[in-house]
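Asker: Listed below, chain by chain, are the residues.
Number of protein chains: 2
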Amino acid sequence: MEKGYVHVYTGNGKGKTTAALGLALRAVCAGKKVYFAQFVKGMDYSELKAEILLDKLTMKQFGRDCFIFNNPTEKDFKMAEEGLKEIKKVLWEEDYDVVVLDEVNIALYYKLFNLDDFVHILKNRKEHIEVILTGRKAPEEIIELADLVTEMKEVKHYYGKGVQARIGIEK
Amino acid sequence: MEKGYVHVYTGNGKGKTTAALGLALRAVCAGKKVYFAQFVKGMDYSELKAEILLDKLTMKQFGRDCFIFNNPTEKDFKMAEEGLKEIKKVLWEEDYDVVVLDEVNIALYYKLFNLDDFVHILKNRKEHIEVILTGRKAPEEIIELADLVTEMKEVKHYYGKGVQARIGIEK
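Quick note, the sequences are listed as chains A and B, same order. Going by my numbering, the letters in the first sequence line up with residues 1 to 171, in that order. Going by my numbering, the letters in the second sequence line up with residues 1001 to 1171, in that order.
No lab work stands behind these hints, which were simulated from the structure alone. One should not assume that every hint holds.
Unchecked claim - With beta-carbon atoms standing in for the labels, derived distance ranges:
#, chain 1, residue 1, chain 2, residue 2, range
1, A, Ile52, B, Glu1094, 25 to 31 angstroms
2, A, Asp117, B, Asp1095, 46 to 52 angstroms
3, A, Met43, B, Lys1060, 30 to 36 angstroms
4, A, Asp44, B, Arg1166, 29 to 35 angstroms
5, B, Arg1136, A, Glu51, 29 to 35 angstroms
6, A, Thr73, B, His1128, 38 to 44 angstroms
Virtual Cβ for every residue (Gly too), placed ideally from N, Cα, C.
When you get a sec, could you build the whole thing from the sequences and use the hints?
Answerer: Right, dumping it as C-alpha cells:
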C-alpha cells in the first residue's frame, strides 16, 4: 500500500471542515474507508447523518455541544483526551484509509492535549493512512510536518451582513 | 423560503472542488436537493459516483476529458455553452436548493461563455437557491457579486514533491 500524506486546512475562511467532508465523500466514492472525528465541537451538525448515507464512513465527536471560544472547561479537556486515545487506536490498529481530525488545530491551540503526544501518535500511524487536520491556528510544528497545507483565507463573509449559520449550509 | 447566497471558492490551493463536494454532502444530509456541475473538466473523477450513493445529488460534467491548460478548443466552447444553457434551466425552472458550478471561474477566465450572460442567469435565479462557484482566477465581477468569498491559498503542496493526483484523494 502506498504511503499516506498529512493535509492541513487552516485559516479563518469558510471551507475547512467542508473540504474535509468533501475529501471524505470522494474517498468513500473510491471505496476507501474513512474515519471522521470532530474535536472541540459536539453540536448536532447535518453532516453527522452522512454516516447513515455512506456505508464506509464513521463519524465521531469528541467535544461538548458548544464551541470553545475562550477558556476550556475540565470537560473539554476530558473529552479531547478520550478522543486522542481513540484516535491512537484508529491510526495504529484499525483499518481505515483516510482519517479526518476536524478542529484538531483548535484542540492543540487550547492545549487540550499535548502537542508532542499528538505528533508521536500521528508519526507512528499505519503508514498508508491519509490524515486530514483542520481548524484555525494550526501550530507551526503541524505546518512543518504536513505534506500539504492550504490556508482558507476569508475574503468576504456573509456573517458580517448578519446571516446566521444555516442548516445544511454551515451546520 | 429564505434567500440563497452566492459562495466563491478561489485561489491556487487545494480544497476548492473538495469544499464544494463537502457542502453538497452536508446539504444532502439536511434533506436538500443538490445539483453539482463541473465545467472545463470531464475526467472520470471518483466523486461522480456520489450521485449513486446520495439520492438527492445530481452530478453533471460539461467539459472534455482533460483540463484546459492553454488554448480552449472549439469543443470546449461548445460544451461550456451547452452547460450554461442547462444551468439556466436548473437555476430558473427546476427545484434544486443548492447548485454547485465547479470550475466555472476557469470557464469565465477562458471566456468559454460571456460573463454578462452568466451574471444575468445567476442574478435572476430562483431566489432561494444557494450557489457555489469554484475555480482559480475568479473574475473581479464575480468576487463583487458574491456574498461569501474564500481564497484557498497554497502554503505547501506535495505535488512539488512529485506526488501524483491519487484516486479517492485528488480525483
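Asker: Hints first: check each against the structure and report whether it holds.
Answerer: Verification of the hints:
no.: 1; hint: A:Ile52 with B:Glu1094: 25 to 31 angstroms; result: holds (26 angstroms)
no.: 2; hint: A:Asp117 with B:Asp1095: 46 to 52 angstroms; result: holds (50 angstroms)
no.: 3; hint: A:Met43 with B:Lys1060: 30 to 36 angstroms; result: holds (33 angstroms)
no.: 4; hint: A:Asp44 with B:Arg1166: 29 to 35 angstroms; result: holds (33 angstroms)
no.: 5; hint: B:Arg1136 with A:Glu51: 29 to 35 angstroms; result: holds (33 angstroms)
no.: 6; hint: A:Thr73 with B:His1128: 38 to 44 angstroms; result: holds (39 angstroms)
Hint compliance for this structure: every hint is met.
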